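Protein chains in written order, with the working numbering: chain Z, 8 to 256; chain W, 8 to 256.
In short, the hints are calculated from the structure, not lab data. Keep in mind the model is a prediction, meaning the values are calculated, not measured. Note that beta-carbon positions come from the ideal geometry of N, C-alpha and C, so glycine has one too. Incorrect hints may appear among the rest.
List of simulated lysine to aspartate or glutamate pairs, EDC-like, C-alpha gap at most 16 angstroms [as the list claims (entries may be wrong)]: (1) Lys-154/W with Glu-152/Z; (2) Lys-110/W with Asp-170/W; (3) Lys-110/Z with Asp-237/W; (4) Lys-219/Z with Glu-15/Z; (5) Lys-114/Z with Asp-237/W; (6) Lys-100/W with Glu-128/W; (7) Lys-154/Z with Glu-152/W; (8) Lys-183/Z with Asp-237/Z; (9) Lys-130/W with Asp-170/W; (10) Lys-110/Z with Glu-128/W; (11) Lys-110/W with Glu-145/Z; (12) Lys-114/W with Asp-237/Z.
Covered stretches of chain W, as calculated for chain Z (at least 3 residues, CB under 8 angstroms) [as the list claims (entries may be wrong)]: (13) 30 to 39; (14) 165 to 177; (15) 191 to 203.
Far from chain W by the CB rule (all over 12 angstroms, computed), these chain Z residues [claimed, not checked]: (16) Pro-33; (17) Arg-75; (18) Arg-77; (19) Asn-101; (20) Ala-111; (21) Pro-220; (22) His-228; (23) Val-239.
There are 2 protein chains.
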Amino acid sequence: MTVARAVEQLLPGYPLLYFGDIARTPYGTKSPETIIDYSLRNTEFLLQKGASLIIIACNTASSVATDRLRQEFHVPIIEVVTPAAVEAIACTKNGRIGIIGTKATVKSDIYRRIITGLHPEFKVFSQECPLLVPLVEEDWTNKRETKMIIRRYLHPLQNSQIDTLVLGCTHYPLLKDLIQARIGRHVRLIDSSVEAARHLQKMLCTQPDLVKPTGAHLADHIYYVSDLTDAVQHVAARIFGRPMELHHV
Amino acid sequence: MTVARAVEQLLPGYPLLYFGDIARTPYGTKSPETIIDYSLRNTEFLLQKGASLIIIACNTASSVATDRLRQEFHVPIIEVVTPAAVEAIACTKNGRIGIIGTKATVKSDIYRRIITGLHPEFKVFSQECPLLVPLVEEDWTNKRETKMIIRRYLHPLQNSQIDTLVLGCTHYPLLKDLIQARIGRHVRLIDSSVEAARHLQKMLCTQPDLVKPTGAHLADHIYYVSDLTDAVQHVAARIFGRPMELHHV
Chain Z
8 MTVARAVEQL LPGYPLLYFG DIARTPYGTK SPETIIDYSL RNTEFLLQKG
58 ASLIIIACNT ASSVATDRLR QEFHVPIIEV VTPAAVEAIA CTKNGRIGII
108 GTKATVKSDI YRRIITGLHP EFKVFSQECP LLVPLVEEDW TNKRETKMII
158 RRYLHPLQNS QIDTLVLGCT HYPLLKDLIQ ARIGRHVRLI DSSVEAARHL
208 QKMLCTQPDL VKPTGAHLAD HIYYVSDLTD AVQHVAARIF GRPMELHHV
Chain W
8 MTVARAVEQL LPGYPLLYFG DIARTPYGTK SPETIIDYSL RNTEFLLQKG
58 ASLIIIACNT ASSVATDRLR QEFHVPIIEV VTPAAVEAIA CTKNGRIGII
108 GTKATVKSDI YRRIITGLHP EFKVFSQECP LLVPLVEEDW TNKRETKMII
158 RRYLHPLQNS QIDTLVLGCT HYPLLKDLIQ ARIGRHVRLI DSSVEAARHL
208 QKMLCTQPDL VKPTGAHLAD HIYYVSDLTD AVQHVAARIF GRPMELHHV
């Protein structure tokens, strides 16, 4: 949802189809095999609904399923990892970059591979933070326990002299203030949701035929979810800043 | 898994087929519709594998899917809620019973309906504790943050003069010591996993034809999971006290 919100803000006049696989989340604790299976089905759903370009709006799915999705589907597929990795490379001054993400994202080692593939001299420090997803979904974004858990997760990164930290999970922008306060103002945070939307914007500048704007602000935005609860409605309203009409499919 | 362990301990000579739907857990944050859908498919799987009696080894699924499963499938179906509710009724002296469980279990109000259906004068105090499932799955069963979260969840129950508290989620036995320490030694904890196994044991005493023991200790126990990760292997070994052979299907 944080990716959809970032796309809305940067490209409000474009038609947008969102699918949130609430019935099977979280993905970050699951195996690559299962994540790929779900990602294939989710992409099929969006293509059936008429999508002509896919954004894999999840770091976990981007980390393990991108290659397979590009093999299977012959539409442009944007993922959220590479734009964030590229922005981290552009931002760092000392070549020391931190990554926080789910177990599956960190285990895939994809951020390190992209960053050191371009800059072998750079150092990447990764930390899995699995409890941050349920804490965000509980809307515990300002609780003392959440601050303590963030402190515990960030502790190993605080001795690593990073100057740049990638929020490598699309839930983490909701914890940005707590993470910034803990890691320190001298560390630049990279929001993978915003970077993916910026990357899409650049693509549409150079390849305007990929998707045509319809011009009507938010009019052609449709939000599908595979499960619907009060908690999901609440988090959606909080992320988008308005009550959201979520279609349960 | 805590239910399967309790069944193993009480009825070691009986054949046991376990299915853990790791690919789609947690259930407790999902809608009744989705939980029923998954429960139907899980039961079908176990029946295809030859089960002649089903235990719905999850409070969330027991709370919302039992009626539907009994309509669909004509085998004996045991759920984990009623045995725990009956044991709580037997244990309480002051008629004040606490229930902790997932969002879906608490929202279903099933414990209150069973208890006050039998004893309208009893008072039931329910508290949802959604973060305890991910904390157990992370194996954070002795962390300071977990103690604080338990304190926050149990706080509303501590002014209610309960003398009995149902662990209304099959994950919570792994937090039993922390919960007991927080709620106080004067409160009797009811373990829904153990009560379900005891209920099965009684059923098999009175209806021995339901399932025949094979006699070979653990030899006919097969554990299926819909997803398999290192974390699942780790938690399984911890619960069963031995390395577990989990079959990924």
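Quick rundown of the hints versus the structure:
no.	hint	verdict
1	Lys-154/W with Glu-152/Z	holds (10 angstroms)
2	Lys-110/W with Asp-170/W	violated (23 angstroms)
3	Lys-110/Z with Asp-237/W	holds (10 angstroms)
4	Lys-219/Z with Glu-15/Z	holds (14 angstroms)
5	Lys-114/Z with Asp-237/W	holds (11 angstroms)
6	Lys-100/W with Glu-128/W	holds (12 angstroms)
7	Lys-154/Z with Glu-152/W	holds (10 angstroms)
8	Lys-183/Z with Asp-237/Z	violated (24 angstroms)
9	Lys-130/W with Asp-170/W	holds (11 angstroms)
10	Lys-110/Z with Glu-128/W	violated (48 angstroms)
11	Lys-110/W with Glu-145/Z	holds (11 angstroms)
12	Lys-114/W with Asp-237/Z	holds (11 angstroms)
13	30 to 39	holds (count 5)
14	165 to 177	violated (count 0)
15	191 to 203	violated (count 0)
16	Pro-33	violated (8 angstroms)
17	Arg-75	holds (17 angstroms)
18	Arg-77	holds (23 angstroms)
19	Asn-101	holds (31 angstroms)
20	Ala-111	violated (8 angstroms)
21	Pro-220	holds (35 angstroms)
22	His-228	holds (23 angstroms)
23	Val-239	violated (9 angstroms)
Checked against the numbered hints listed earlier, the structure breaks hints 2, 8, 10, 14, 15, 16, 20, 23; every other hint is satisfied.
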